[in-house]
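In order, the protein sequences belong to chains L and Y.
In this note's numbering, each number is its position in the first sequence, counted from 1, plus 1.
In this note's numbering, each number is its position in the second sequence, counted from 1, plus 1.
Hints listed in this document are in silico derivations from the structure and should not be mistaken for laboratory results.
You may find that some hints are simply not true.
Copies of one chain are not kept apart here, so a pair can be met inside one copy or by any two copies together.
Straight line, CA to CA, 27 Å or less: simulated DSSO-like cross-link-like pairs of lysine-lysine [said to hold, decoys possible]:
{"no.": "1", "residue 1": "80", "residue 2": "18"}
{"no.": "2", "residue 1": "119", "residue 2": "80"}
{"no.": "3", "residue 1": "69", "residue 2": "18"}
{"no.": "4", "residue 1": "154", "residue 2": "4"}
{"no.": "5", "residue 1": "69", "residue 2": "119"}
{"no.": "6", "residue 1": "69", "residue 2": "154"}
{"no.": "7", "residue 1": "18", "residue 2": "127"}
{"no.": "8", "residue 1": "154", "residue 2": "118"}
Note that the structure is a prediction, hence the values are computed from the model and not measured.
Number of protein chains: 2
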Amino acid sequence: MYKNLYIALLHYPVYNKRGDVVTTAVTNLDIHDISRAARTYGVKGFYIITPIEQQQAFVERILHHWQKGYGVTYNPSRKQAFDIVRLESTLEDTILAISKETGDRVNVVFTSAASHKKHLTCEDLKEKMSENKDPFLIVFGTGWGIAEEAIEKADFFVEPIRGNSDYNHLSVRSAAAITLDRLCGQ
Amino acid sequence: MYKNLYIALLHYPVYNKRGDVVTTAVTNLDIHDISRAARTYGVKGFYIITPIEQQQAFVERILHHWQKGYGVTYNPSRKQAFDIVRLESTLEDTILAISKETGDRVNVVFTSAASHKKHLTCEDLKEKMSENKDPFLIVFGTGWGIAEEAIEKADFFVEPIRGNSDYNHLSVRSAAAITLDRLCGQ
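Chain L extracted, bound-state conformation (with noise of 0.2 Å):
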């Protein structure tokens, strides 16, 4: 089990449908499912980022439900889940708090469902994790996939998640799931 393994779900920026560089709205179902399956695969912690204050104000009223009100007594494993979920208004945020909390230099690593010219393979990636005791930050892009804007904080990119078929559009919540799978699995 590798120890220090953090996830973000970026919300800017990152591309619409049309292409244009947008902030997206932060979705419930979103912080459910990527923080459950975070939990499953020991991961440390679940960034969500928007720099939208009204959004943060969403996500914080969910993970107060969660974490400490009715949704405590209602769903306790939901708030083993929440209790990994962490919220920063930008990736630069996110990085410099890692980097605080454990004291090392953060390996950023993007996905995409778009090939990357350099990308490592998951089990690339696996490898690199288990020779490396620094944190690594995996960043799954909403939208229509996290803008080139973001692309120098990069240090890594991971292969899209292909099945067998030529169908390419898994949601956000599959990738992460997936990705950790493969990352994490046994």
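Based on the hints, put chain Y in the right spot on chain L.
Same frame as chain L, but now just chain Y:
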């Protein structure tokens, strides 16, 4: 690529939180996420199973929107995913429909978050599928899992998905995505 794979999402008979046998409500996002994952991994048919007429009408309305309504032009890739979605009232009807379509006996595989004493690993199941030309139907439960009374329909049980922690509460959407990747991923 295994050519004869079907999956089903069962809404009855399943358990609720207290262990009563109930019919769960169909969730819009289950249809979206699981159909996209199924289409990615070359699944031939994804069956939504519910005996409740109002719920069937709800599913038909969603399918119509993405297969024939505004959704077709709004998001053509969603249409491709929805093209493999089908609706049946019971697990028996689903097995019968697949048997009629293929002319063969259907191998029914139950998934569960709990261990079954005679379960196959995903590797075992993958091997069995590659040796066997008859169709396989992988059944995913909703709510708190498939009720005991349906168990006589199962030919095989597949291992629960474990990460690398003590936490065992994946969403059915994540569990379906990971199962398909383990069975059909490259």
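The hints, checked one at a time:
1. 80 with 18: Answer is between: at 16 Å across copies they meet the 27 Å cutoff, but 34 Å inside does not.
2. 119 with 80: neither (38 Å within a copy, 32 Å between copies)
3. 69 with 18: Close across copies (21 Å), not inside one copy (37 Å); limit 27 Å.
4. 154 with 4: Within one copy, since 22 Å is at most 27 Å while 41 Å is not.
5. 69 with 119: Close neither inside one copy (43 Å) nor across copies (40 Å); limit 27 Å.
6. 69 with 154: For residue 69 and residue 154, neither the intra-copy (34 Å) nor the inter-copy (42 Å) Cα distance is at most 27 Å.
7. 18 with 127: neither (32 Å within a copy, 37 Å between copies)
8. 154 with 118: within (16 Å within a copy, 48 Å between copies)
Taken one by one, the earlier hints fail for this structure at numbers 2, 5, 6, 7, listed in ascending order.
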